[in-house]
Amino acid sequence: MSDLVVTLLGKYNYWLCVILMMIGLYAMIAKNNLIKKLVGMNIFQTSIILFYVSIGCKKGATISILEHGAGHHGVDPTHYINPLPHVLMLTAIVVSVSTFGVALALAIKVYRKHKTLEEDEILMQLRSE
Amino acid sequence: MTNHYPALIVVLPLLFAFVVSGVAWVKKSLCFPLTIVGMGLSAGLSVCLLGRVATTGLVEYRMGGWETPWGIGYHVDYLNALVVTVVTVLAFINLIATRKNVVEETPEKAGAFYSLYLLFIVGLTGIVLTGDLFNLYVLLEVASLTSYALIGMGNGRAPMSALNYLFVGTVGGCFYLLGVGYLYIMTGSLNMVDVATLLPQMYHSSAVVMAFIFCLVGVGIKMAFFPLHMWLPNAYGFAPTAVGSLIAPLMTKVMVYVLIRLILTVFSVDFAFVILKMGDPMVWLSSLAIVAGAVFALAQKNLKRMFCYIIVSEIGYMMGGAWLGNNTGMTGAILHIFNDAIMTLCLFLCAGSIYYRVRGLELDRLKGLFSKMPVTMACLVAGALSIIGVPPTCGFFSKWYLISGGLEAGQYGFVAALLFSSLVNVVLFFRVIEISYYGDFEDHHGHGSSGEAVMEAPASMLVPLLIVSIGLIVVGLYTGGIVNHLINPLLLKQGFLG
Amino acid sequence: MKAIGLIIVVLAGALLLYSTQDFPFWGDPASPAGTHTATYYLTKAFEETSVPNVVTAVLADYRGFDTMFETGVIFCAGLGCFVLLRLSRSRDEDSYYRHVATGITLHIKSAKIPDVSSEFERIDTLWTPYDLIVKTVCRLLAPFVQLFGLYVIAHGHHSPGGGFQGGVILGASVILIAISHNMRTAIGRISEKTIHILMAVGVLLYSGIGALCILLGGNFLDYASLSRILFTNEIEARSLGILGVEVGVGITVMAVMITIYNNLSSDGRLDEGL
Amino acid sequence: MIWELDLAILILVIVAAIGVIQVKDLLGCAILFSAYSFLMCLLWAIMGAVDVAFTEASVGAGVSTVFFVAAVFRTTRRTKD
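Chains as they are written, first to last, in my numbering: chain A, 17 to 145; chain B, 25 to 522; chain C, 15 to 288; chain D, 1462 to 1542.
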């Protein structure tokens, strides 16, 4: 029984993260509105960022800014959180906001031509062309 | 300076991209020459790098001078050097050939266009040269983001296809990132060589297997592997001419390179073929891709869309060859990356010059073009022969390796699919040639506005086109050299015994 | 579609959940990710770069090559939005002018545009009355927001922050002006041409510092080789190099945020905006 | 890092995510998405990723909401799902 609790406490973060990912993926596949798909894409991306940040987590450690003077007499790495996933995720956030901007621009361009953002209506217009 | 070649191949186009986009606001006419200089330098340096790698076998470079597991390092072997040369040289040729298309289709934003062009090449060269898994993701996004913007520049259905490509492509990128995350959580490293040394102890862990599957799915989406190919024909078909002929030959091939790199360097051949036993199902899927691509191509009435479906089928060739699990098949796959890039560029450049004169690419508008544009059509025939696989064009040799690899591995379904698709290609191209040779020319400008008469494309398009089509044959004749000096040493070093 | 989506999602989710079983526990200090490379960064970063914020040190130095392309991605996004949306001003459009004192709107059909004096302001069809309080508060707030942005860029060595966050804040201050007044005011302060040149200058600064390192004999982005022209030791040179690239990132990000906002909110016409 | 707080906010994030994809108005979607980003930012701050949280606060909850509203303003609020 206590094993189960340990596993539960040790993994629940990853599980909820997976659920979040699947919400995003579902919105991308099943939603009809282009902006809704875009939001789903963004949720998917942020959940992956959450996954990476969870990797970097360390129990009993503090944020990875060295205390004043700590650098001069040796740093105990177990006292500080792993900085590498944070670095990677800064880049990933930038990528996600760039993609978001370009996607919104494309959505506006689609709206200029079709006057709608619903995918089925756009497909209908394209078929009747 | 010679030590810095790997970095300079990526960095020089990057610097020129920023300069071009700034200069566009001061003096527009400088944009194109600057782009040519940047691209040309990059192409020249990558040829030099290929020469160095051919003699030394391996060129390493450390960004910022940091040792590799801590910093980002380049680890250039035969495969990287070969693919990067193809990418930069073909992009350079395409840049010259499509200048008139760009002037015509995007006159206002030429500066921004060329800047994005260079950034796209930066992305691709970076993907090919890097030895770091996360750096690969960032550059993948550079290449993808520029390609979304470039495709979306087109008119009509282009923005919608670009948006679809964006959705699908981002999911692909995210899956790859997730796979890298799985590797990172298990090994704590991001450097390809370092990960490869840490992995063997945990080959049987489900997380590593999932990491492989996620990387495979992510890269598969980006390369339009069969069940995930839906975005490709629209995105490439509706893109502006210069963009289509840039992205179509290069993007998918680079993604095939990424897959081969992941199998050979990161996960190792043992893991992919012996432990996971992924070989058979992937080869069957590839055979399906080849057949499906060929069948869809038969149904198309537009030249460019037909080429797009041919690409889907060619991806099947390369994936199948890579997954055959023997030396010959892998040689065929790597050779086909090289050859297919040249063939596809040849076909798309032909389509570009036809579009420039005829204003349409529907098959029935090609009637009588042989008499009007003899050189362009001759190049189209050369490209077609290579796609079909007629000696002495280069397409024949890679197909030969693929087929003999398939026979060696006992994958007769794959061999049958290859032969079937060659047959379909014969039908496809003979239909095109028949229409354009025997049909009577009809002036589609119509409605009194006679416009300029259809004639041969301008010399700035024809010369690069001729170079590419002569290249098809030259590369074919030098196949033996490429295989012996570049591909065999690589496979030997990676412990690929077959 | 919904059913197919649900099936794919459930399958993928089950696979993901299944594969978590071999993960190290969440927050486990002994996990490979927490020990392999992280230990090196935490113990060596301060010695080698004299930057207490390890994230900044890794971001701009150890993995500075990634960050350069991250800035490149942002640059692509700005250029992409411009390329996709910006409409050329070739066709003559009707223009509207509003007399500020009386609120009378003039509709001018000819292409000739009279000089805009303080009595008239150029507007679009979508004119909405401004709120004086909002306008004044935002104008007063903007310099402080910008000051904070500069602080975030400059203080990234010692506290969370850096070029990217600071650049976004700087960009947001201009967007604030564009929202509270109108976009013409914001473009009057910082023109489209300036924004585009700044966008290129920022990334050029970053990659230029990298290229300078090659010319000075180091590898690409090896800031230690800058010590020869900065007259300091290698460690200080790394710290200064990090500051230099952070400034470059800040400039580009600011310019790109403004470009994207301008093009999105005005549908590429760069007129009144929201 | 306090795991009770972490769990509570994670559940709120999931609720916000479901809300974002279910709401039938794009402007509401933009505002809920901003709330989602802000909760995410809190979550990262709790996990000790202050730099990432700072970026998300300025980008996710700040600027990209502005982009989103601008895009909705230039297109339409209407959505069928």
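Hints listed in this document are in silico derivations from the structure and should not be mistaken for laboratory results.
Note that beta-carbon positions come from the ideal geometry of N, C-alpha and C, so glycine has one too.
Hints are supplied without guarantee of correctness; some may be wrong.
Stated by the list, open to error - Heads up, simulated SDA-like pairs for lysine to any residue below, C-alpha to C-alpha not over 20 Å straight-line:
no.	chain 1	residue 1	chain 2	residue 2
1	A	Lys-75	A	Arg-128
2	D	Lys-1485	A	Lys-75
3	A	Lys-131	C	Gly-117
4	D	Lys-1485	A	Asp-19
5	B	Lys-124	B	Ser-53
6	C	Lys-149	C	Gly-117
7	D	Lys-1485	D	Thr-1540
8	C	Lys-149	C	Leu-101
9	A	Lys-129	D	Thr-1540
10	C	Lys-207	B	Glu-132
Unchecked claim - Partner residues are not named here, just some residues of chain A that face chain C (Cβ under 10 Å, in silico):
no.	residue
11	Leu-20
12	Val-21
13	Val-22
14	Met-37
15	Ile-71
16	Cys-73
17	Gly-76
18	Thr-94
19	His-102
20	Phe-116
21	Met-140
22	Leu-142
23	Arg-143
Of the numbered hints stated earlier in the document, which are not met by this structure? 1, 2, 3, 4, 8, 11, 12, 21, 22 and 23
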